[in-house]
Amino acid sequence: MTVKEIAQVLDAQWLCCEEEENRVIHTAFASDMMSDVLAYVQEDTLLLTGLVNDQSIRTAEMLDLPCVVYVRGKNPHKQTIDRATLLGMPALSTQYTMFEACGRLYAAGLSAVEIEELDGDVGL
Amino acid sequence: MIIKETYPVAADDMSVAGDVSASIKRQMKRLGIPNQIMRRVSVCTYEAEINLVIHSDGGEIDFAISEDEICVHVRDVGPGIPDLDKAMTEGFSTATSEVRNMGFGAGMGLPNMKRNADGFAITSEVGKGTDIVMTFNI
Ligand SMILES: Nc1ncnc2c1ncn2[C@@H]1O[C@H](COP(=O)(O)OP(=O)(O)OP(=O)(O)O)[C@@H](O)[C@H]1O
Ligand SMILES: [Mg+2]
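Going down the list, the sequences are from chains X and B. First residue of the first sequence: 1, per our numbering; consecutive thereafter. First residue of the second sequence: 1, per our numbering; consecutive thereafter.
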């Protein structure tokens, strides 16, 4: 799906970088925990989150994610949107809850990321 | 050595947490490091930087690129980790609820760093500090 289609499915409001509406996205990951995002997201994946601070965009920046969607009608702080703007990272805000936003996107064709078997042996 | 830089990281200031990792990422981009490697280095430096901010009394990150390797050396001045085995276990975290509200404290950082780096060595002494060396083959 393109970011434009994602915005339509979610009745979302553009927060920045609408000029990037033609980016194509196949997978999505939803979490308020950025360290889970950093651990599980490997490819160019849409991030859905209720976390509105700077770390949401910084996490997306580190992973080269193509787009961030804020759920439950949350609006990030201005400096967070400024950061996304500077990075050319499209950001959207939807009124839907996390569950509903995910359900709509899944029904519209986005897939989950494949969780690689985190090997249990991460000890020393 | 192509570049070697040292970045200070202050304790507790979550508003700038990630600035060092962003600078390091810009350097890698400028030098044309392949995306897959850049992403892994970025994840590791960012997790390490956040740990310095939320768990340590402050520290430094050395970032070095040589012909065939990227090296990220993270060290702090305390308080040190009492049980490294526990700290390396997925899900173990001593983070406060305040940190959790900012999206961190899942107990995923250290295991994720180990998984993403080609080489990972951690030592820690209570009262002295923690030292992590991560290497990435280019
Ligand atoms: N630099 C450090 N100084 C002191 N303690 C640390 C340091 N780094 C990690 N720890 C300890 O090890 C635990 C596990 O660290 P880890 O990075 O895996 O998880 P976390 O930081 O708690 O959560 P997450 O990384 O998922 O946001 C921490 O909760 C903390 O108790
Ligand atoms: Mg951590």
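Honestly, the hints are just simulated from the structure, not real lab data. Since the structure is predicted, the reported quantities are computational estimates derived from the model, not experimental observations. A virtual CB, placed ideally from N, CA and C, is assigned to each residue, including glycine. Treat the hints with care, since some could be wrong.
What the hints assert, rightly or not - Capping the alpha-carbon separation at 35 Å, the derived lysine-lysine pairs in DSBU-like fashion look like this:
(1) LYS114(B) x LYS86(B)
(2) LYS86(B) x LYS128(B)
(3) LYS86(B) x LYS4(X)
(4) LYS78(X) x LYS29(B)
(5) LYS4(B) x LYS86(B)
(6) LYS74(X) x LYS4(X)
(7) LYS114(B) x LYS128(B)
(8) LYS4(B) x LYS74(X)
(9) LYS29(B) x LYS74(X)
(10) LYS114(B) x LYS29(B)
(11) LYS4(X) x LYS78(X)
(12) LYS128(B) x LYS4(B)
Unchecked claim - Label-pair distances were calculated between CB atoms; the ranges are:
(13) ARG26(B) x GLN79(X): 44 to 54 Å
(14) GLU116(X) x ASP68(B): 24 to 34 Å
(15) GLY91(B) x TYR106(X): 46 to 56 Å
Agreement of LYS78(X) and LYS29(B) with the hint, judged by alpha carbon distance not exceeding 35 Å
Given pair LYS78(X), LYS29(B) holds - Cα atoms ~27 Å apart, limit 35 Å.
Between LYS4(B) and LYS86(B), does the CA-CA distance stay at or below 35 Å?
Given pair LYS4(B), LYS86(B) holds - Cα atoms ~32 Å apart, limit 35 Å.
Does the structure keep LYS4(X) and LYS78(X) at a Cα separation of 35 Å or less?
Measuring from Cα to Cα gives roughly 22 Å; hence the hint holds.
CB of GLY91(B) to CB of TYR106(X), is that within 46 to 56 Å?
violated, 27 Å
What's the verdict on LYS86(B) and LYS4(X), does the C-alpha distance respect the 35 Å limit or exceed it?
violated, 45 Å
For the pair supplied as a hint, LYS114(B) and LYS86(B), confirm whether the alpha-carbon distance does not exceed 35 Å.
Holds, at roughly 14 Å.
Hinted pair, alpha-carbon criterion (35 Å max): LYS114(B), LYS128(B). Please report holds or violated.
holds, 22 Å
Taking 35 Å as the top limit, are the C-alpha atoms of LYS74(X) and LYS4(X) close enough?
holds, 19 Å
For the pair supplied as a hint, LYS4(B) and LYS74(X), confirm whether the alpha-carbon distance does not exceed 35 Å.
violated, 41 Å
Regarding the pair LYS29(B) and LYS74(X), is the alpha-carbon distance no greater than 35 Å?
holds, 32 Å
Would the pair LYS114(B) and LYS29(B) pass a check requiring their Cα atoms to be no farther apart than 35 Å?
holds, 23 Å
Given a hint of 44 to 54 Å, does the C-beta separation of ARG26(B) and GLN79(X) actually sit inside it?
violated, 19 Å
The structure fails to meet hints 3, 8, 13 and 15 from the earlier list, while all remaining hints are met.
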